[in-house]
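Chains A and B, in that order, give the protein sequences. So the first sequence is residues -2 to 169, counted in this note's numbering. So the second sequence is residues 27 to 415, counted in this note's numbering.
Incorrect hints may have been included.
Facing chain A, according to a computed beta carbon distance under 10 Å, are these residues of chain B, among others [to be verified]:
| no. | residue |
| --- | --- |
| 1 | Gly251 |
| 2 | Ile262 |
| 3 | Tyr272 |
| 4 | Val274 |
| 5 | Lys339 |
| 6 | Arg373 |
| 7 | Arg377 |
| 8 | Ser382 |
| 9 | Leu384 |
Some chain B residues judged to face chain A by a derived CB distance under 10 Å, without partners named [said to hold, decoys possible]:
| no. | residue |
| --- | --- |
| 10 | Lys31 |
| 11 | Gly76 |
| 12 | Tyr250 |
| 13 | Gln345 |
| 14 | Gly359 |
| 15 | Ala376 |
Derived by calculation from the structure, the hints in this document are not laboratory data. Remember, predicted model here, so these are calculated numbers, not experimental data. Just so you know, even glycine gets a beta-carbon here, dropped at the ideal spot from N, CA and C.
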Amino acid sequence: MMNEKISDLIKESFGEQAVLSTDFSGLQGIIVVQTNLIADICLLLRNHPTCYFDYLSCLSGVDLGLEKNQFAVVYHLSSITLGYQIVLKVIIDHPRDTPQLPIVPTVSQVWRTADWHEREAYDLLGIYFEGHPDLRRILCPDDWEGYALRKDYVAAESYGGLKINGEVKTNE
Amino acid sequence: MNNLKTDLSKLKNEEMILNMGPQHPSMHGVLRLELVTDGETVKECIPHIGYLHRCFEKHAEALNYQQIIPFVDRMDYISSMNNDHVFVMGVEKMLGIDQSIPKRVEYIRVLVCELNRIASHLIAIGTYGMDIGAVTPFFFCFKEREHILNLLEWASGARLLYNYIWIGGLFYDLPVGFEQRCSEFLTQFKPKMRELDELLTNNSIFISRTQNIGVLPLDVAINYGCSGPMLRGSGINYDLRRIDGYSVYPELDFEIPIGEGKMGTTGDCWDRFDVRVREISESIKIAEQCIERLTKELKRSPEFDPRAKLPKKLIPKAQEFYCRGEMPKGELGYYFIADGKSDKPFRCKARAASFSNLSVLPELAKGAMIADLIAILGSIDIVLGEVDR
Chain A
-2 MMNEKISDLI
8 KESFGEQAVL
18 STDFSGLQGI
28 IVVQTNLIAD
38 ICLLLRNHPT
48 CYFDYLSCLS
58 GVDLGLEKNQ
68 FAVVYHLSSI
78 TLGYQIVLKV
88 IIDHPRDTPQ
98 LPIVPTVSQV
108 WRTADWHERE
118 AYDLLGIYFE
128 GHPDLRRILC
138 PDDWEGYALR
148 KDYVAAESYG
158 GLKINGEVKT
168 NE
Chain B
27 MNNLKTDLSK
37 LKNEEMILNM
47 GPQHPSMHGV
57 LRLELVTDGE
67 TVKECIPHIG
77 YLHRCFEKHA
87 EALNYQQIIP
97 FVDRMDYISS
107 MNNDHVFVMG
117 VEKMLGIDQS
127 IPKRVEYIRV
137 LVCELNRIAS
147 HLIAIGTYGM
157 DIGAVTPFFF
167 CFKEREHILN
177 LLEWASGARL
187 LYNYIWIGGL
197 FYDLPVGFEQ
207 RCSEFLTQFK
217 PKMRELDELL
227 TNNSIFISRT
237 QNIGVLPLDV
247 AINYGCSGPM
257 LRGSGINYDL
267 RRIDGYSVYP
277 ELDFEIPIGE
287 GKMGTTGDCW
297 DRFDVRVREI
307 SESIKIAEQC
317 IERLTKELKR
327 SPEFDPRAKL
337 PKKLIPKAQE
347 FYCRGEMPKG
357 ELGYYFIADG
367 KSDKPFRCKA
377 RAASFSNLSV
387 LPELAKGAMI
397 ADLIAILGSI
407 DIVLGEVDR
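Just need the whole structure built from these sequences, with the hints factored in.
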């Protein structure tokens, strides 16, 4: 019930084409929305009295695989006031040979939780969050090459002059 | 490589950069704080994390669900049981077997989780006292924690990283005599908590070090995604054990302590500390109820096999699911994507409680004294294994 209401609310405010698809058959309702509208949709859902999604539980970047050539960012919203959860999702087409990173607008001005979570997604998946106040690597060192959680990531052979996974010596 | 975020050329005359950590006992692990100070006042605080990064999520993509559990143990390594419990719950929900888990298994899970919660809070309280300069409570807490670790070692074979809760069941049933020894421990532990209250919670030096320090208003706490004692210390009755009512928590009777601003402002360091102390008593209550059921209607029997419901084929159908649960630090969540073909998750993201709790530190540190920053950081109660994953 609530799932449809939220999806209708987005459609009412931003037009039919804002919601690309919905899936309410699983354990949690998923709404896939247009990438460029995500920040506005999040702000609406946070402030609107029918949902009040005041809490961002989790923000995850996903590499959807080499065949699909797509990236996704998944937002798990939860409402403390009304005790309800919903999943928002944006999907970005991104062929592997494109030099630029996939771009998604930031939601860190809506929930500050997103600040560090977006930095993590940038660090591990190379998703660029447009408008983020401080987009630096957070878990890996600043001069790390590549994005570890991408499906086509090849582990570095050395870092800072030190060999990673050097020969294993056995005790004889 | 530049290790500082601050632009040194833009620094004012009276300002100075101070590096705290990564190797310092009061940083609770390997956390580095870059401070811009003016005299003794912190003007800006920039946390640098990642020193303990092991890329749990990449490992998880290469292992099957059962094999991930030991990795999950190593995230928040002082409350491994709680980590396991949430993870296992998520996988069971995806497999659709969460309703068929035997009651005895569920009660044992809750019992060991609550024991582990007490152990985790004891560390938080003990090391917090030590951060502020009270050394004695640290030993008091560690002595009691040792009893809990012995109990859990008896059940699982490991002191810290248990791998005890399995998908669909348990590693083993509780050893014979565990319930009795556990209730003996709880009986002798209760007066010790009053002793600790006299020693630390109501100690006037401790109070004056923590009251009105690091006040976290509720709206800021929610906006930064704080959870657990951090959020409840700011005065909201929000505990996922009650909200989601997972496992057998709806059948158990317990209160949810919240910060009331008894010593000053709601949401100060003392409130967060007090919430943890009172949560220990609630966990004792839960553990006692579990033991009562485990010795009466859910008594051990020779036929009971905790591994009976272990799924033979561990392949969830294609779906995605975010499972959350309350652990001692706050909301722990796992986001799974299963592709329906393999027994390995396509993506497994961990939402760690300490990660979001720590992100509010720059906000709290602004304008605080350097000595108070230690008090603030201690009251957040972070575990770097979980922050860095």
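Cross-check of the supplied hints:
1. Given the 10 Å rule on beta carbons, the hint for B:Gly251 holds: about 3 Å separates it from the nearest Cβ of chain A.
2. Checking B:Ile262 against chain A: minimum C-beta separation of about 7 Å stays under 10 Å; hint holds.
3. A hinted interface residue such as B:Tyr272 counts as satisfied when its beta carbon comes closer than 10 Å to some beta carbon of chain A; here the least separation is about 13 Å, so the hint is violated.
4. The interface hint given for B:Val274 is violated, since its Cβ lies 20 Å from the closest Cβ of chain A, which is over the 10 Å cut-off.
5. Taken as an interface hint, B:Lys339 does not check out: its beta carbon lies about 20 Å from the nearest beta carbon of chain A, beyond 10 Å.
6. Checking B:Arg373 against chain A by beta carbon gives a least distance of about 5 Å; that is within 10 Å, so the hint holds.
7. With a cut of 10 Å, the hint placing B:Arg377 at the interface with chain A holds, because the nearest CB-to-CB distance is about 4 Å.
8. Interface restraint check: B:Ser382 against chain A, minimum CB-CB distance 6 Å, threshold 10 Å, status holds.
9. At its closest, the beta carbon of B:Leu384 sits 8 Å from a beta carbon of chain A; the interface hint therefore holds under the 10 Å criterion.
10. For B:Lys31, the interface hint holds, the least distance from its beta-carbon to any beta-carbon of chain A being 7 Å, beneath 10 Å.
11. Look at B:Gly76: its Cβ gets to within about 4 Å of chain A, closer than 10 Å, so that hint holds up.
12. Taking 10 Å as the C-beta contact cut-off toward chain A, the hint placing B:Tyr250 at the interface holds, the least distance being around 5 Å.
13. Interface hint at B:Gln345: satisfied, since its Cβ lies 5 Å from the closest Cβ of chain A, which is below the 10 Å cut-off.
14. Taken as an interface hint, B:Gly359 checks out: its beta carbon lies about 5 Å from the nearest beta carbon of chain A, inside 10 Å.
15. Evaluation of the B:Ala376 hint against chain A yields a held restraint, the C-beta minimum of about 9 Å falling below 10 Å.
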